[in-house]
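Q: Protein chains in written order, with my numbering: chain A, 1 to 193; chain B, 194 to 281.
Treat the hints with care, as some may be off.
Simulated crosslink set (DSSO-like; lysine-lysine; CA at most 27 Å straight-line) [to be verified]:
(1) Lys87/A to Lys253/B
(2) Lys154/A to Lys87/A
(3) Lys107/A to Lys90/A
(4) Lys198/B to Lys90/A
These are calculated hints, taken from the structure and not from any lab test.
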Amino acid sequence: MSDNHEAPNGAPVSARLGIWAFLATELLLFGALFTAYAQFRITHAELFHQEHLKLNRVLGALNTLVLLTSSLTIAIGIAAIRRGLQKLLKVCLSLTLALACGFLFIKYLEWSHDFHMGWFPRTNLFFGLYFMMTGLHGLHVLAGMGVMIWLLYKAQRGSFSAEYNTPVEITGLYWHFVDLVWIYLFPLLYLIG
Amino acid sequence: MAAYKIYFVVWGALLVLTAVTVAVSYLNLGLWNATVALAIASLKAGLVALYFMHLRHEIKLVLGFAIFPFLILGLILVGTLVDAIYRF
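Start from the sequences, fold in the hints, and give me the full structure.
A: Written out as structure tokens, the structure reads:
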């Protein structure tokens, strides 16, 4: 743990490099979709403008608040376990999970409305990208929830401490990345189309 | 509690920036709408990366791992968009 003097992170450098390398592949996975979005927004500017007005800006903004808050709760959870506060970590993980559920629930409401209105991925280029990007992002939220349930189980058994909290820290970095993707998805799809 | 304070401050800033970007989206600024929205999103992304993801205190090697993929993404984006813009 000699690297702890260089950075106030609980996780060793090898673990941090590992998750950042994984996030690099994730960035390029979403990056391909962002590139497709930029390409078609240029070639189909009128369509994108018309279609983006159909999305619910208020629900999108609400979901942004929910996801930003879940980033806050996991960040506090990591700070807590670095001080050995196991109870606070469990509270924070539970809150993060609850917020992630809230995010997916709002997403469910939006998609149900879209389907009800007859807007499907095949409807046009805009809705194709919208469903693909928010769907892939939603899958990442689900995956993060799965990992956090596992973390909560481990935390319940007292596996994490001020000395050992690498899995919490690494999951936190992944979760913030999922938040980062949404920070760009929200304005691109809901606000400027 | 002081140690958690910075996280609450950053969170507050993120919420304010979200409110600003939503408010601006109701104005008709032409091309500036996209510029402002992307600038605010990047500001938010920077806050999340620097504070929540601890890049502010990160060592150079890990910083390199975090920044390098953006150069690749830039290549993909620029390469594609140059074609899209100059095709017409």
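Q: Work down the list of hints and note, for each, if the structure agrees.
A: Status of the hints after comparison with the structure:
1. Lys87/A to Lys253/B: 33 Å, violated
2. Lys154/A to Lys87/A: 12 Å, holds
3. Lys107/A to Lys90/A: Between Lys107/A and Lys90/A the Cα gap is close to 26 Å, so the pair holds against 27 Å.
4. Lys198/B to Lys90/A: The given pair, whose Cα atoms are some 19 Å apart, holds under the 27 Å limit.
Violated hint: 1 only; the structure is consistent with all others.
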